[in-house]
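Residue numbers (this note's numbering), protein chains in the order written: chain B, 1107 to 1311; chain S, -19 to 598.
By construction, these hints were calculated from the structure, which means they are not laboratory data. Take these hints with a grain of salt, some might be off.
Here are some of the chain S residues that sit facing chain B, going by a computed Cβ distance under 10 Å [as the list claims (entries may be wrong)]:
1) S99
2) S119
3) L150
4) H152
5) T153
6) Q155
7) V226
8) H228
9) E306
10) G307
11) T310
12) L336
13) P337
14) P558
Restricting the straight-line Cα-Cα distance to at most 25 Å, the calculated cross-link-like pairs of lysine-lysine (DSS-like) are [what the hints assert, rightly or not]:
15) K1290(B) x K1280(B)
16) K539(S) x K584(S)
17) K1288(B) x K529(S)
18) K561(S) x K539(S)
19) K561(S) x K584(S)
20) K1215(B) x K568(S)
21) K1280(B) x K328(S)
22) K530(S) x K1288(B)
23) K1290(B) x K529(S)
24) K(-13)(S) x K1139(B)
25) K328(S) x K1230(B)
26) K1173(B) x K1233(B)
27) K1290(B) x K530(S)
28) K1215(B) x K561(S)
Here chain B is said to cover these stretches of chain S; the calculated rule only asks that three of the stretch's residues, wherever they fall, bring their Cβ under 8 Å from a Cβ of chain B [claimed, not checked]:
29) 229 to 235
30) 544 to 555
31) 559 to 565
All C-beta atoms, glycine included, are put in the ideal place defined by N, C-alpha and C.
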Amino acid sequence: MSVTNVLIVGVGGQGVVSAARLLAQAVLDSGRKVTVGQTFGASQRGGSVHTSVRIGDEAHGPLIGLKMADFLLAFEPYEGLRYLQLLAPGSKAIVNDQPDVPVRDQLAKTFPPLEEVWQILEAKTGKLYRLSATSLARRIAARHGGGGLDITNTVILGAATAVEGFPADMDMLKQIFERRFKSKVLSMNLEALNAGRDWILGQRG
Amino acid sequence: MGVQVKKRLMLGNEAIAWGAIAAGIDLAAGYPGTPSSEVIQTLVDLAPEYGHYVEWSTNEKVAVECAAAAAWAGLRAMAVMKHLGLNVAADALATLAYTGVRGGMVILSAGDAQCHTSSNEQDSRLFARFVKLPILDPSDPAEGFSYTKMAFEISERLELPVIVNSTPRLSHTSQAVELEPIERQRHRKAQFLEDKDRWICVAAAALRRHRWLNSRLAESRARLSGFPLVRRLYSGRRLGIITNGVAHNYVLEAVDQLGLRREVSILKIGMSFPFPEDEVAAFAREVQRILVVEELEPFVEEQTCLTLYRRDIHTPVKGKGLVPREGELTPDVVIAAIETALNIKRPKEPSETVSLPQRPLLFCPGCPHRATYYALRQALRRLSKRPLILGDIGCYTLATSYPFELLDTLLCMGSGVGMAHGFAKAGLDRPILAVIGDSTLFHSGLSPLANITYNRSNVTVLVLDNSYTAMTGAQPNPSTGYTAVGEEVARISIQEVAHALGFEYIKEVDAYDVKTVEEALVEALSHVGPSMVISRRPCALQVQRLERKKGISLKSLPKVDSEACIGCRTCLTAFGCPAIKWDEERGKAFIDQNRCTACGDCTKVCPVGAIKAEEGQK
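Work out the full structure: start from the sequences and follow the hints.
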């Protein structure tokens, strides 16, 4: 069946929903059917946010079933772990290495150590990329004078384009960004896309 | 002038709004409620171009009455709400079925299987049958568009209001929707045609209208021939699957995943009431057994059984039992149901899950509710008895959980105030405090407030007035100062309302002024007789949005003086602003500059004054 399932997860405020919409628009413009499912409500309040981008004529509903996600883009490592049961055998995951543990859980130590997250994800994915997306994004934003803007999501989207089989390539995404953003914000985002892609290419050696 | 719109990615809710536009809608009214809110918002955005009237009404019943009046006057009108809003509007809807309408009237109800953001997951199809109104069940955004458009035509064909039934998985799913060329239509002119037998629905006239309604429903299927309300797919005989609404998508995928296209037939029901008995009977005759896959109640299943029984058809029917009755369906649940129905045995690999605590939902940085609840907690310490605290629906409901854990009850819109009176009359031996927001107060808080003063109960009402219907995306309401389309209007003062209703102790305070809020609450809770504290401050998120729009840069932010910080964590555990973080190694709090909104409240919370506002901040 020619359906590709991309699961994008993170914490409210990290731009998960925006990233899914940008990716979906890029896929749509390339002439394929796309379905985006998203959870609203917690997006501004620090809750878990997950969206599904499903590509292919036979993807009907918005939900990704158990063991059906081909790609995982996790903007936060614990959120990546939370959806483990959805990952297909051999899935490819790009996971931001910057954790965001709620203060309540930090004080009560209810989240497992980060090292455990990496061990599990390493074992359960076909290929795991641990990307320092937040620090890359901060450096780029600072260079462009956009200190307060979080472009972690753009770095991860750029990285994904360099992963084999990902349903959108750099040109497609760039076109969407060029339509959506202007001047300073655009050049900052384009640099973030490139930085993500280059990091993955560097990993491949 | 024809306006061509190309195929574009849109939310189900946007597609529904475009369906109304394509039908030439004249008037739309709604009350915000997840997952329905983007429908009215889209109609607001499109109003300048298409010229319809659109409003946020004060509640769903008012919205239905507003739309019904327009439809009585011959216009095409829509009322928009979440499923629970149907209950509020029920009084109007149940008799509206008797009177019927002249212009097309559509009620969009967005349900919430799984209770994602609701206090129940009632099935709107049962409601539709209860009030005897037709209901359409689109399954994806494209049908959101086409069914909504069709609903207006059906409404005029039957002279009845028609309910369109959405779910989170339709309302909040995005797909490319092809909008057929949409003509900008000339809007109809309102005209009231006198007809006392119809528009004064009471006694003998009402009985006559009930007979009219029943015969109209009985002949509805014949009147609607030609409308694509039932769809057949595949022609296998081993299993006939009847689907309805979003469940249809999961069935399509499950059939493909199991490779069963040759084994099964699918009958998709697009209008579940009145029920397509002929089509279901014909389908049942062609298959060996039937599985009904639908979310929530066995609505289609029971009507299928009834249809087959009446027509002496003996095809076995399965449904609930294999398909859960609570929560939303998922592809995996549907796959398992079909496997069981066909007795397919597959080795099951255990699926791996990790148990990670749910993230707490917190008030946003700068949220005035946090300041009010902090003050309330301080006030409680000064009272000899802890009051019973009744919650209500809105952002302020988050005080049920970490870190405040203050609310004792939550039922439905406006219930906090209504039940506060009841607890007082029941003789509960504690002070009684109801909390309610501005939008909820105008929605369904006014009558219970009047009941408190009329029937005299010793109740304190705390109004958390943030000037917006914030939980659903900061829609305007009577406390805001402008309407849905941005027209400036006078704010309705809650203080003056309380005064007019006869509240004895009334105090309006600035939510950020935590000491004054605390004093006011202590006084109000100590007062014998109806009392009210109104804690005001606009929603911080909305203030931030408006400032960004105007290009105002952030004010200077508070900082934690790490020399002075004693690591007591009061700012984290008693206040809980997501912008305040904990540095484990140093044992000190610090402020995340990217999330702080410079409200400055935390400076008032730190017991040693270690959080300091920078110069230049007010």
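Structure-based check of each hint:
1. S99: Violated. Min distance 14 Å.
2. S119: It holds, given that the least Cβ distance between S119(S) and chain B is near 8 Å, below 10 Å.
3. L150: Since chain B brings a Cβ to about 9 Å from L150(S), closer than 10 Å, the hint holds.
4. H152: 6 Å, holds
5. T153: 4 Å, holds
6. Q155: 5 Å, holds
7. V226: Since the shortest Cβ distance to chain B is 7 Å, the answer is holds.
8. H228: OK, holds: H228(S) within 10 Å of chain B, min 8 Å.
9. E306: Where the cut-off is 10 Å and the nearest Cβ of chain B is about 17 Å from E306(S), the hint is violated.
10. G307: 12 Å, violated
11. T310: Interface hint status for T310(S): holds (6 Å vs cutoff 10 Å).
12. L336: 5 Å, holds
13. P337: Result: holds, 5 Å to nearest chain B Cβ.
14. P558: OK, holds: P558(S) within 10 Å of chain B, min 5 Å.
15. K1290(B) x K1280(B): Roughly 15 Å between the alpha carbons, so the hint for K1290(B) and K1280(B) holds.
16. K539(S) x K584(S): Holds. K539(S) to K584(S) sits at ~13 Å (cutoff 25 Å).
17. K1288(B) x K529(S): 16 Å, holds
18. K561(S) x K539(S): Distance ~12 Å between K561(S) and K539(S) Cα, so the pair holds.
19. K561(S) x K584(S): 17 Å, holds
20. K1215(B) x K568(S): 17 Å, holds
21. K1280(B) x K328(S): Judged against 25 Å, a Cα distance of about 43 Å means the pair is violated.
22. K530(S) x K1288(B): Holds, because 18 Å separates the two Cα atoms, which is no more than 25 Å.
23. K1290(B) x K529(S): The hint holds at about 17 Å.
24. K(-13)(S) x K1139(B): OK: K(-13)(S) and K1139(B) at ~11 Å, within 25 Å.
25. K328(S) x K1230(B): With a Cα-Cα distance of about 18 Å, the restraint between K328(S) and K1230(B) holds, given a limit of 25 Å.
26. K1173(B) x K1233(B): OK: K1173(B) and K1233(B) at ~15 Å, within 25 Å.
27. K1290(B) x K530(S): 18 Å, holds
28. K1215(B) x K561(S): 15 Å, holds
29. 229 to 235: With 4 residues close enough to chain B, the hint holds.
30. 544 to 555: Per the Cβ count (3), the hint holds.
31. 559 to 565: holds (count 4)
Hint violations for this structure: numbers 1, 9, 10 and 21, all remaining hints satisfied.
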